[in-house]
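*Asks:* The residues making up each chain are set out below.
Protein chains: 2
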Amino acid sequence: MPWDAELERAFHPKTIAIVGVSSEAKRGAPWAPGGPAFITSHEQLGFKGRIYPVNPKASEVLGYKTYPTISAIPEPVDLVIVSVPAQALPDVLEDCIKAGAKNIHAFTAGFEETGEKEGVELGRKVREIAQRGQLRLIGPNCMGLYVPSAGIGTFDQLPRKSGSVCFLSQSGGHCNWYAHYGPNYGVNFSKVISFGNAYVLDSTDFLEYLATDPETKIICMYLEGIKDGGKLWSQVREINRNKPVIIWKAGLTDHGSRAVASHTASLAGQEAIWRGFFAQTGAVPVFSLEEMAEMAMSFLYMKPPKGKRVAVMGLGGGTSVAAADTCSREGLDVPPLSQGTQNELKKFISLAGASIRNPLDTGLVFRNVANLAREMESVAADPMIDMLIVMPHLDMARHVGLEQVDKMVEYLCDFAKNNPAGKPIAFVFHSFANDPWESELRSKLRVELPNKGIPVYGTLTGAARALYRLAGYYRFQNAPAMEG
Amino acid sequence: MPWDAELERAFHPKTIAIVGVSSEAKRGAPWAPGGPAFITSHEQLGFKGRIYPVNPKASEVLGYKTYPTISAIPEPVDLVIVSVPAQALPDVLEDCIKAGAKNIHAFTAGFEETGEKEGVELGRKVREIAQRGQLRLIGPNCMGLYVPSAGIGTFDQLPRKSGSVCFLSQSGGHCNWYAHYGPNYGVNFSKVISFGNAYVLDSTDFLEYLATDPETKIICMYLEGIKDGGKLWSQVREINRNKPVIIWKAGLTDHGSRAVASHTASLAGQEAIWRGFFAQTGAVPVFSLEEMAEMAMSFLYMKPPKGKRVAVMGLGGGTSVAAADTCSREGLDVPPLSQGTQNELKKFISLAGASIRNPLDTGLVFRNVANLAREMESVAADPMIDMLIVMPHLDMARHVGLEQVDKMVEYLCDFAKNNPAGKPIAFVFHSFANDPWESELRSKLRVELPNKGIPVYGTLTGAARALYRLAGYYRFQNAPAMEG
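Heads up: the protein sequence lines correspond to chains A and B, in order. Counting from 1, position 20 in the first sequence corresponds to residue 223 in this note's numbering; the numbering is continuous, with no gaps. Counting from 1, position 340 in the second sequence corresponds to residue 543 in this note's numbering; the numbering is continuous, with no gaps.
Mixed in with the good hints, there may be bad ones.
Since the list gives no way to pick out one identical chain from another, each pair is judged satisfied if it fits inside one copy or across any two copies.
As the list claims (entries may be wrong) - Distance condition first, Cα-Cα at most 16 Å in a straight line; then the derived EDC-like pairs of lysine to aspartate or glutamate:
1. K549 x E418
2. K550 x E319
3. K217 x E493
4. K430 x E533
5. K549 x E319
6. K549 x E321
These aren't lab readings, by the way, just hints derived from the structure by calculation.
Sequences are here, hints too, so could you generate the full structure?
*Replies:* This is the structure:
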């Protein structure tokens with residue numbers, strides 16, 4: 204069976220064996236990762252295949268008939284999920300070989316990453332067995348696969364809705380958060396793959412599959428270390444032309460690099476090498492999960508910008524200055540609006556206490572939708588401007604009331620989708636982060652709008668960074684291919 | 204009358220004239236800055252002196268008898284607040300000279316910052332009159348003074364509680380936000396001073412007063428431009444030895460510098476010069492209001508760290524790696540814990556899926572207060588460690604319940620205040636920013652704890668940055684004074 208077909212079976216299994224399900228397991232206990240939780244998580248996702256718990260000491264667990272070994276299961280097993288102590292993993296793998304099961308997700312941890320001699324020795328043994336049995340081992344020390352379209356996943360209460368983003372990660376915790384909260388950014392998943400210590404299947408193996416996976420349009424990766432840097436380099440350069448590749452490379456600092464060793468026992472590599480990697484592949488670097496989610500949201504919903512000249516529209520002179528500083532630090536240009544636009548704006552905006560150059564300190568227009576529309580249209584039509592960042596201050600909601608806020612938001616969403624100049628528009632709802640009333644309104648808008656396909660960013664820095672990277676991505680795509 | 208005594212009158216006035224109060228003014232109208240709002244804001248703050256509205260066309264406004272001019276007011280006026288169009292400001296200032304009123308806050312905008320010829324000319328005229336009349340002009344284009352202990356302030360619904368932090372700002376908007384939301388960081392104010400275009404009174408004049416102001420222990424500044432750089436330099440170097448000076452210098456980038464010109468018509472100066480300023484004065488640089496509030500909170504409530512070696516305690520391997528990267532980028536050291544501490548931790552923490560080096564990936568201890576206490580005590584006692592950052596993930600609150608969260612928080616607060624090693628402890632409640640349920644819990648904790656004197660930071664970056672600067676401040680204080 205060719206490689207891709209085997210992985211296809213893992214991603215869309217008909218039969219799953221779960222090894223390491225305590226016979227004490229009860230429904231309704233507090234959630235903790237492990238065998239019993241892996242059974243209920245598949246139930247929650249509406250998995251339509253068959254689940255076989257393996258436990259030699261019980262005949263039934265959570266209402267399922269159990270089997271003493273994998274080889275005792277009466278049909279071929281497409282995916283084995285292993286949740287046993289590290290010492291027991293070698294025997295389970297031998298059983299997989301015997302049963303002819305190839306796809307194994309090892310949740311089991313306790314190898315090199317502990318820094319203990321025993322763990323290192325066990326890891327060596329596991330690698331040897333996997334190699335001998337030609338096992339497609341995912342992990343160990345990971346959370347495996349989440350594929351909503353196939354009804355599979357190992358975390359609690361995972362969303363059932365599918366999407367076009369794949370997340371490939373050496374951290375299971377990151378998979379959990381992104382899978383749960385991506386939808387708040389309008390980001391839903393084709394697949395989420397937690398692959399931990401990567402003894403056999405590494406990022407490059409999954410990339411090979413994802414390159415032609417029709418479910419996946421955008422690829423996000425959290426990497427700690429890689430085994431075959433050259434392969435990753437050429438794969439990403441190729442794939443990135445059709446599917447944007449967004450990478451959070453962790454452990455680039457000295458302290459981070461040491462932390463990687465205790466997490467997935469990977470070699471993290473040097474910052475300079477990775478700078479070269481991003482420059483030559485055109486992959487999009489990010490440095491946190493929030494950035495990753497905002498970047499995926501940008502690719503999903505933002506119109507491609509033609510350049511990096513931004514107009515920033517906000518409230519308050521001091522904030523405008525800070526906005527110019529921030530955009531500038533993130534690499535964007537903040538040019539003065541053209542004279543024609545300024546003349547148009549002067550017709551209905553008083554200059555005392557305002558500025559109509561750029562950033563636009565014209566907060567009062569947000570109190571009147573007709574004036575706001577006039578301003579938005581003028582600025583979006585300006586040939587000096589490639590993109591807009593609109594920063595309404597929720598502080599004003601106290602003065603004008605929530606009904607006026609709704610009207611303003613409705614207008615802005617419509618304009619973002621349908622502005623005739625076709626320019627990308629990013630929203631940042633500004634509030635003083637620590638105010639509960641504003642925070643609540645802000646949280647609401649931040650979830651509602653992306654789910655309608657309107658990108659909202661947590662901070663101006665985030666918006667500027669995403670727009671800069673978006674512009675860079677399309678510039679790279681339009682540049683002639685380099686010979687490598 | 205010496206300079207300080209005159210400012211003292213402005214900060215604690217017995218009589219205030221408010222010029223530019225429309226005779227149409229009504230109570231209950233939506234809030235907008237200007238004459239009528241300045242009357243009600245003083246009422247809200249419980250101002251105990253006398254308010255004299257000035258309006259030649261009315262006999263009564265909002266229940267107050269009005270006067271046609273300042274000179275017609277029957278007693279000396281300690282503070283004049285002017286809210287008239289720019290064209291009318293010169294005549295009002297002539298009236299001030301006639302009345303012998305020295306302290307004037309000009310809210311009026313519309314001068315150089317408009318970039319229009321007329322505004323520039325008017326500005327020149329205002330300066331000339333102020334100089335001739337030896338007026339202590341605050342502004343123009345600003346929100347003036349907020350002094351809770353004196354019951355004065357120009358924004359709506361200002362807090363009445365006083366504190367020991369002074370904020371000196373060229374942006375009125377920033378004053379509004381900091382005055383309102385500082386208390387959410389446990390930061391309350393002695394004085395907030397918005398001084399806009401700084402025609403007469405500049406940052407250095409206010410600093411002279413604040414240096415010996417017994418109400419003020421910490422000074423925050425938002426600066427766009429300065430007139431006397433040498434004076435600021437020597438003042439800050441001196442004051443910073445007794446009262447920490449926290450400065451947000453805006454307009455350091457090219458685009459920001461241009462935005463400053465349209466805001467307060469200041470010259471923003473070059474980045475390199477300001478780097479030297481911070482290095483030689485020991486002043487603490489920040490780049491946003493949130494950072495400023497968190498820095499003031501740190502000085503108010505954090506024990507002085509002896510060095511910059513941090514232990515980070517959080518949940519999730521991927522997050523630990525990111526934490527090490529973040530702390531490292533912010534300048535902190537993240538050394539491995541000493542062997543003794545690691546041995547102690549191994550007694551009750553299983554190494555599979557966890558790390559006890561540093562950062563500590565030991566999230567499960569947060570589910571059990573006894574284990575958490577054992578971990579906190581061991582880490583705080585480690586001689587390799589100068590400070591702790593504790594990052595509970597609110598995600599866990601879903602699994603363990605809010606009651607357990609309360610217990611954990613209660614223990615942590617007590618430990619932060621009373622840990623025998625006397626080390627500073629910063630909290631970051633980690634949640635995926637875009638989840639409404641976690642956001643609400645997080646907002647609540649972020650406000651409640653600082654109000655009990657326990658510093659909570661919005662992000663790990665913020666905590667690491669504040670701790671690095673705090674350590675740097677005390678290192679600078681303990682270094683021998685440089686000759687300048």
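*Asks:* Decide, hint by hint, whether the structure agrees.
*Replies:* Outcome of the hint check:
1. Taking the shortest alpha-carbon separations for K549 and E418, neither the intra-copy value of 50 Å nor the inter-copy value of 44 Å comes in at or below 16 Å.
2. Proximity of K550 to E319 under the C-alpha cut-off of 16 Å is restricted to the inter-copy arrangement: shortest distance 14 Å between copies versus 73 Å within a copy.
3. Proximity of K217 and E493 under a CA criterion of 16 Å is satisfied in neither setting, with 34 Å inside one chain copy and 52 Å between copies.
4. Neither within a single protomer nor between protomers do K430 and E533 lie at most 16 Å apart by alpha-carbon distance, with minima of 32 Å and 29 Å respectively.
5. In this homomeric assembly, K549 and E319 come within 16 Å of each other (Cα to Cα) only across copies, at 11 Å, whereas the closest approach inside a single copy is 71 Å.
6. Taking the shortest Cα distances, K549 and E321 sit within 16 Å of each other only across copies (15 Å), while inside one copy they are farther apart (74 Å).
In summary, the numbered hints that this structure violates are 1, 3 and 4.
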